[in-house]
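Spelled out from the first residue to the last, the chains are:
Number of protein chains: 2
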Amino acid sequence: MFSKIKLTHGDGGIHTNELIQDVFVKYYGEGSSNSINDAFVFSVNPQKLAYTTDSFVVRPLFFKGGDIGKLSICGTINDLTTAGATPLYISASFIIEEGFDMESLCDIAKSMGEVCRQTGVKIVTGDTKVVEKGNADGLFINTSGIGIVSPHYSPFRVEPDDEIIITGTIAEHGTAILLDRYELNIETDMVSDCRPLNNLIPLLNEDLIYIKLMKDPTRGGLATILNEISNHAEFNIELDESRIPITQQVRAINEMLGIDPLYLACEGRMVLIVKKGFGDQVIQRLKQTPIYADAQIIGRFTSNTQGMVYMQTEIGGKRIIPALEHQTIPRIC
Amino acid sequence: MFSKIKLTHGDGGIHTNELIQDVFVKYYGEGSSNSINDAFVFSVNPQKLAYTTDSFVVRPLFFKGGDIGKLSICGTINDLTTAGATPLYISASFIIEEGFDMESLCDIAKSMGEVCRQTGVKIVTGDTKVVEKGNADGLFINTSGIGIVSPHYSPFRVEPDDEIIITGTIAEHGTAILLDRYELNIETDMVSDCRPLNNLIPLLNEDLIYIKLMKDPTRGGLATILNEISNHAEFNIELDESRIPITQQVRAINEMLGIDPLYLACEGRMVLIVKKGFGDQVIQRLKQTPIYADAQIIGRFTSNTQGMVYMQTEIGGKRIIPALEHQTIPRIC
Chain A
1 MFSKIKLTHG DGGIHTNELI QDVFVKYYGE GSSNSINDAF VFSVNPQKLA YTTDSFVVRP
61 LFFKGGDIGK LSICGTINDL TTAGATPLYI SASFIIEEGF DMESLCDIAK SMGEVCRQTG
121 VKIVTGDTKV VEKGNADGLF INTSGIGIVS PHYSPFRVEP DDEIIITGTI AEHGTAILLD
181 RYELNIETDM VSDCRPLNNL IPLLNEDLIY IKLMKDPTRG GLATILNEIS NHAEFNIELD
241 ESRIPITQQV RAINEMLGID PLYLACEGRM VLIVKKGFGD QVIQRLKQTP IYADAQIIGR
301 FTSNTQGMVY MQTEIGGKRI IPALEHQTIP RIC
Chain B
1 MFSKIKLTHG DGGIHTNELI QDVFVKYYGE GSSNSINDAF VFSVNPQKLA YTTDSFVVRP
61 LFFKGGDIGK LSICGTINDL TTAGATPLYI SASFIIEEGF DMESLCDIAK SMGEVCRQTG
121 VKIVTGDTKV VEKGNADGLF INTSGIGIVS PHYSPFRVEP DDEIIITGTI AEHGTAILLD
181 RYELNIETDM VSDCRPLNNL IPLLNEDLIY IKLMKDPTRG GLATILNEIS NHAEFNIELD
241 ESRIPITQQV RAINEMLGID PLYLACEGRM VLIVKKGFGD QVIQRLKQTP IYADAQIIGR
301 FTSNTQGMVY MQTEIGGKRI IPALEHQTIP RIC
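Taken in order, these protein sequences are the chains called A and B. Everything in the first sequence is counted per full-length UniProt numbering, starting at 1 for the first residue and increasing by one. Everything in the second sequence is counted per full-length UniProt numbering, starting at 1 for the first residue and increasing by one.
Be aware that a few hints might be false.
Note that identical chains are pooled: a pair holds if it fits in a single copy or bridges any two copies.
Dumping the calculated DSS-like pairs for lysine-lysine here, alpha-carbon to alpha-carbon at most 25 angstroms [to be verified]:
hint : residue 1 : residue 2
1    : K215      : K122
2    : K110      : K318
3    : K318      : K4
4    : K4        : K276
5    : K318      : K276
6    : K276      : K287
7    : K287      : K110
8    : K4        : K48
Think of the hints as simulated: they come from the structure by calculation, not from any bench. Owing to the predicted nature of the structure, the values given are computational and were not obtained by experimental measurement.
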C-alpha cells in the first residue's frame, strides 16, 4: 500500500479498489458493504424512515476527544436521533487531497468503524474522490444516513410553558476545537463531547410521546438552535442562565478568550422540547444513564409570539440572545 | 443577497438560512424540503429500497452539456437505476470555497432543480459547509439517493454467452471534459452525454427479468467497468470493436490526443448484462426510445474463467483490454 494518497486512488481503477479493500472495508467492520454495486439494496417493514446528510470539513482533522471520522458518523447518527429514529445504514463519501497521509486515513476509517460497532449502524455505500494537491484541505467527509422512526415519536406544535431540556454540559466540542486551532498553551484535560446519541431513543421510549422536538446544538451552538426553534414555533423562549450546565473549565477558557459558549458547538448533546409538566419525568429518565447525568431543564416557552430568545442572567437581569450573525470560529464540524 | 460566498454562509446562522431559502429552496423546486429538521421522514410500503452516494469534484464546474449540479443529480439517479430502482429522494450537500460566485451557485442549483422536475425525484435533505479561500477548488457536491427497486429486477449470476449491451455511444462525457480542460481549439458541437437514465426501469419493465447486472460506465469508462464485471463474474468478456458505438467526432478527437476512448467516462449510458439469447429483445425494447437509438450488443461472456476482457479488433486481431492503472484525466465527475 502507498504511504500517501495518489490521484489514481480516485480514478475508479485498480488503486481505488485497493483503497476500498485495504482501508475502508478493513476498518469499517462487519456488515459494511463490499460489493461491486453502486447502490445498496435493503428491505424494511412498512415503517417510517428518516433520512439525513452532512458534510464534514472540521479543522484540525484530529482534535481532543475525536477526529473527523468519529464526528461524521456521530453527526449523522445524532441527526437521525433528532427525528426519533434508530440509525440503520450510513453512506460515507471522501474527498481527499493528493498526498494525504495513508496512516491518518486509516486512523479516520478506524474511528468510523468503532462508532459503527458501538452503535450497530452499518456503512453500506460510499465513494472516494481525490483532488490535486492544493485543491482541498486534507480531507472532507460526507455521510448520509437512514433510520427507522420510533412509533412513539411524532413532533407536534410547541405551546407556551413547554419545557426545554439539554442533555448535558455545553460548548465542549467548540472549545476543544478552539484549543487545538489556536494551539493555546492551556493545561486542561477537557475533550470534545463528540459522541453518538442513538441510545436516547430506546432510553426515552414511551416518554417520546411528550417530546415535541429534538435538535442537536452543533454549528452555532445552543443559542443558534434555540433561536431557530423559537422563530419556527413563534413563541419566545426564556432561559435560566443558572441552570445551563457548563463545566468550570469550559467557562474559564471561554472567559479568557472573550467567547460566548452559548454559540459554541456541542457534538454529543440534544435539546429536547417537552410538553409542559413532563420535564421532570424526562429528566429522571435521562439521569438513569451516566452520560446524561448533567441533563437540565434550562428554560420554557412563554406566550409572547415574537419568536425571540431571552435569558434571565445569574445577576438578575434579562438579556436577548440573538441568532448568530457572525461566526465565532469556522469549520468546527 | 451577497454576490460572493462568505464564511458565514457556512456557520449555521442567519446567512446559512438565507442561502438555503434564497438559493436551494428557490431552485430545487416543488417538494424539496424546507423544514428546520435535520432529517427527512418518509414512509414506504414494504418494498426493497436502494441507497447510494457519490461526491462530485468535476473540473471545470461548467462543461459542454452540463455542470456539476446536473452531473450530481444524474449520477445518483443512474446509480439507483443500476439497482433496478426508481429514484425517490435525494440528499444534496455542498462544500463551497469562500468567495465562490453566488450567480454560479444559483445556476448549479437551477440545473439540479431541472433534473428533479424532469425525473420526479425530490431533494429532501441537505447541508452546506464553507471553507476558507484556497481550501477547496470552488465547490464540491455530495449527493445520496434512495429509490424503490422494481420487483422485476434481481441481479443473478453471469454465465458464458450472456450478452453485453451498451445503451449508447461512448466516451462523450470524458471527451467534453478534455476539450474544456485543455481549452483545445477544436471546432465541435459535441457535448457530454450527462443525463438521467431513470426511464430505463419503466421502459425495460418485465424484460428486467433477463437482465443480470447493470452498471454505468463513469470513472474509468467502459473498459474499467467491464474489467470489474468480468473479474467479479470470473468469466472472460469478448468485445467486438466494430459494434462499440462511438461518434466520428469523439473518435477523431481522441485519436488526435492519443487517448483511448474505452477509458473515458460516460455519464448517460448504461451497460446491461443480459441472459444469453435475450439481447436482441432488450435492444428492440431500448430502441423504442430515441436516447437509446444507438444501443448495441457489444460482446459476450466466454467460458474462460480468468476474468479478463478481450477485444476482437476491426483489423482482425485480438487484444487484452486491461483494467485502468493510470488515469487518463483526473476529476471527470
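Going down the list of hints, with the structure as the test:
In this homomeric assembly, K215 and K122 come within 25 angstroms of each other (Cα to Cα) both inside a single copy, at 23 angstroms, and across copies, at 23 angstroms. For a Cα distance limit of 25 angstroms, the shortest separation of K110 from K318 qualifies neither inside one copy, at 47 angstroms, nor across copies, at 45 angstroms. Proximity of K318 to K4 under the C-alpha cut-off of 25 angstroms is found in neither arrangement, the shortest distances being 55 angstroms within a copy and 37 angstroms between copies. In the homo-oligomer, the alpha carbons of K4 and K276 never lie at most 25 angstroms apart, since the shortest distance is 56 angstroms inside one protomer and 44 angstroms across protomers.
In this assembly of identical chains, the alpha carbons of K318 and K276 lie at most 25 angstroms apart only when taken from the same copy (22 angstroms versus 78 angstroms across copies). In this assembly of identical chains, the alpha carbons of K276 and K287 lie at most 25 angstroms apart only when taken from the same copy (19 angstroms versus 63 angstroms across copies). In this assembly of identical chains, the alpha carbons of K287 and K110 never lie at most 25 angstroms apart, being 31 angstroms within a copy and 48 angstroms across copies at closest. Neither within a single protomer nor between protomers do K4 and K48 lie at most 25 angstroms apart by alpha-carbon distance, with minima of 43 angstroms and 39 angstroms respectively.
When the structure is compared with the earlier hints, violations turn up for hints 2, 3, 4, 7 and 8 and for no others.
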